[in-house]
Amino acid sequence: MEYRELNRNTLERAIRELPGYTPEQELWTAIEAQLELEAQDKQLRIATHQLPLYSPPPQAWGKISSELEQKPKLRKLWTRPVLAIAATIFGVILSVGVWLYFSEDTGAQMVLHTTEMLDVTGFEGDWDADEQDIAMVVSMVEKMPENENLNSLKTELKELNEAKAVLTHTMSQYGKDADLIRRLSKIERERSKIVKQMAAEI
Amino acid sequence: MRYSIAFLLFMLLLTCATAPVIAQTIKVQVITKKIEKNFHYKEGYEVNIEGEKAEVNIQTWEKKEIQVVMELIAKHPDKAVAERDLELMKHLAQRVKNKIYLRNYLSSVEGKGKSEPEAYLSVKYTITLPGECPVYLKNIFGAANISSLTNRLRVNSEFSRIGLQNLKGSVEIKTRFGDLIGQNLDGWFNIQSRRSDLTLQNISGRFNIQAQYGTIRLFANDDLADLRLDAEKSEVWFYHPNPQFVGYSLSARGSEVNLPSRIDAHWLALDNGERKITFSPNREYYPKVSIRITFGNLHVEKRVAP
Amino acid sequence: MSYTVRMTENELIEACLSENRLAQKILYDRYSSAMYTLAYRVTNNFELAQDVLQEAFIKVFKSLGQFRRESTLGAWIKTIVVRTALSKIRREPVSVELDQITTGNLIDWSNHLDVEYLEKAIQSLPAGYRAIFVLIEVEGYSHKEAADSLGISVGTSKSQLFYAKKRLREKITELLDV
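Residue numbers (the numbering used here), protein chains in the order written: chain X, 1 to 202; chain B, 1 to 306; chain H, 1 to 178.
Fair warning: there could be bad hints in the mix.
Stated by the list, open to error - Listed next, the in silico DSS-like pairs over lysine-lysine satisfying Cα-Cα at most 25 Å (straight line):
id: 1; chain 1: X; residue 1: K196; chain 2: X; residue 2: K143
id: 2; chain 1: X; residue 1: K193; chain 2: B; residue 2: K138
id: 3; chain 1: H; residue 1: K59; chain 2: X; residue 2: K42
Unchecked claim - Counterexamples of contact, computed for chain H against chain B with all Cβ distances above 10 Å:
id: 4; residue: I26
id: 5; residue: A34
id: 6; residue: L161
To be verified - Derived coverage of chain X by chain H (criterion: at least 3 residues anywhere in the stretch with Cβ under 8 Å from a Cβ of chain H; other residues may be distant):
id: 7; segment: 170–178
id: 8; segment: 189–200
Treat the hints as calculated values from the structure; they're not laboratory data. Every value quoted in this text rests on a predicted model; they were computed, and no experiment measured them. Note that CB positions come from ideal geometry on N, CA and C, so glycine has one too.
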């Protein structure tokens with residue numbers, strides 16, 4: 001079959017750049033489950049082939065045939081009272097044992113007292129000092145005609161304000177610590193950026 | 001003019017007077033309530049933690065047992081205040097069916113004249129469990145250090161630092177206003193991060209990451225199979241020991257992309273301002289990296305994790 | 001053996017043969033994307049491609065002992081994936097008559113070919129043509145190998161490829177015109 005192709009390198013390049021796809025994550029789980037089943041089947045097959053063969057004693061058939069000739073009758077379990085009592089006691093002991101083994105401990109609890117030096121440098125923050133100025137910028141922005149950029153800045157500021165509220169509430173509950181102050185400082189820096197961008201739009 | 005100079009000098013003097021922040025340390029009484037509890041582990045169990053201002057450490061051992069040590073800590077110069085406020089911290093460590101619930105929370109301060117707690121309060125969890133035990137962790141504030149889990153981990157965290165080491169299996173992480181730092185991660189990772197910074201070293205397996213407003217540093221190793229990253233308004237660094245042997249599908253909008261010179265592919269400009277590039281190395285198998293970056297920057301570099 | 005330790009292909013095969021599940025997963029991770037893409041290209045259906053992948057990898061792990069190392073492991077797995085994928089699609093009979101295709105026929109790919117259009121055009125091909133195009137042009141099979149896989153003659157493989165390319169070119173032109 002002869003035919004000509006012009007600019008074949010264009011096709012080759014496009015083929016090289018064709019996208020690739022990735023299967024769903026769950027696929028491996030399905031494959032693994034199937035492999036597991038296959039492995040179990042295999043073990044079972046091996047095991048069943050290795051099971052020993054036994055011959056019944058010669059008198060077995062005699063017993064079976066005589067049983068077959070008799071009418072079936074119900075056999076009473078625990079005919080002797082002593083055996084029944086012993087079985088009950090054994091059952092109770094077993095249950096208690098199992099319960100003790102599987103029940104969880106109630107847990108140990110202790111209270112310790114120590115002292116330590118706590119560095120509280122800079123804990124008295126001034127993060128609310130500029131709230132009035134920020135509110136002023138926001139109120140001016142609110143009066144402006146809406147645009148995509150302003151809306152996006154407002155949404156971002158709202159998210160950051162909420163984050164600040166959560167953080168300051170946590171500080172009032174758990175006390176100020178270095179980690180909380182560091183996180184609040186980061187949010188304040190981001191808020192400042194947004195407010196500056198808003199001010200530039202005014 | 002003279003007034004202005006005088007004012008500036010005054011401000012300068014004021015700044016000099018207040019600039020050196022004097023280190024301030026206080027002696028505090030530390031009251032710690034330590035709770036230890038052990039649970040038998042059975043297949044199908046899950047440890048479900050909801051921490052508040054908690055440092056959560058999760059580690060593994062060979063025993064079929066889950067050990068929980070919770071420390072509720074109150075610090076205040078006055079011992080009585082520390083003791084009083086410690087009582088406000090409540091905890092729960094209980095198994096219900098196949099879930100082991102671990103919680104800490106602050107009971108509300110009620111009554112006339114009662115104010116907020118005065119002591120510094122924090123919580124520490126140390127959980128030791130079999131590697132295959134699935135874990136769900138929700139933590140607001142504080143930190144989490146999780147290592148050597150092999151099955152399933154889900155983390156939902158806000159304002160927290162999450163440290164991950166030597167993890168395998170399926171991992172889902174949601175983080176807001178936090179930091180995620182990981183090492184030796186191998187499995188299926190699904191990460192959603194917002195206003196969080198990610199540094200993941202020595203990663204292999206499959207990663208699916210959605211990130212907004214963050215700095216993302218990913219150090220892949222040769223066993224990375226697949227990475228999908230959708231990054232908005234973020235700065236992204238993707239490092240690979242052999243970036244030329246990776247297949248890329250990159251798309252950028254309002255972003256700069258820096259690729260190693262050995263990746264020979266051309267950009268395709270679309271009408272919506274998006275640029276796209278695909279590159280497949282001439283190899284039988286190769287990792288696939290799909291990155292979509294919007295209003296940020298992407299840097300692909302040859303480098304191994306430090 | 002650590003999961004992340006780099007294993008050579010031989011070590012990986014040996015570990016898979018001893019049914020080491022982690023090794024099996026490494027092998028799966030290495031090839032799953034490439035093979036899934038191939039399965040999708042042949043079947044034109046993501047769900048079917050997942051089925052193909054599952055079935056093919058089970059076959060791979062069960063018959064790895066028969067891999068004679070005459071080709072690379074990837075090529076061997078690819079053969080299994082292709083066979084499995086082909087068994088899943090109903091191949092339309094070839095409608096083109098050989099004598100309709102005259103020598104000297106020309107296909108011009110022009111200076112630029114948009115990847116997205118090429119992908120769409122491949123998807124629009126009838127199953128038989130798509131399979132032959134994917135096997136030969138995308139996967140690099142020879143006509144003999146493709147013909148053997150598809151159970152057709154080398155001549156038919158050649159004519160089908162030509163016809164597939166003609167259809168592709170037409171489809172891409174159509175997409176450009178829209």
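Cross-check of the supplied hints:
no.: 1; hint: X/K196 / X/K143; verdict: holds (17 Å)
no.: 2; hint: X/K193 / B/K138; verdict: violated (30 Å)
no.: 3; hint: H/K59 / X/K42; verdict: holds (15 Å)
no.: 4; hint: I26; verdict: violated (7 Å)
no.: 5; hint: A34; verdict: violated (6 Å)
no.: 6; hint: L161; verdict: holds (22 Å)
no.: 7; hint: 170–178; verdict: violated (count 0)
no.: 8; hint: 189–200; verdict: violated (count 0)
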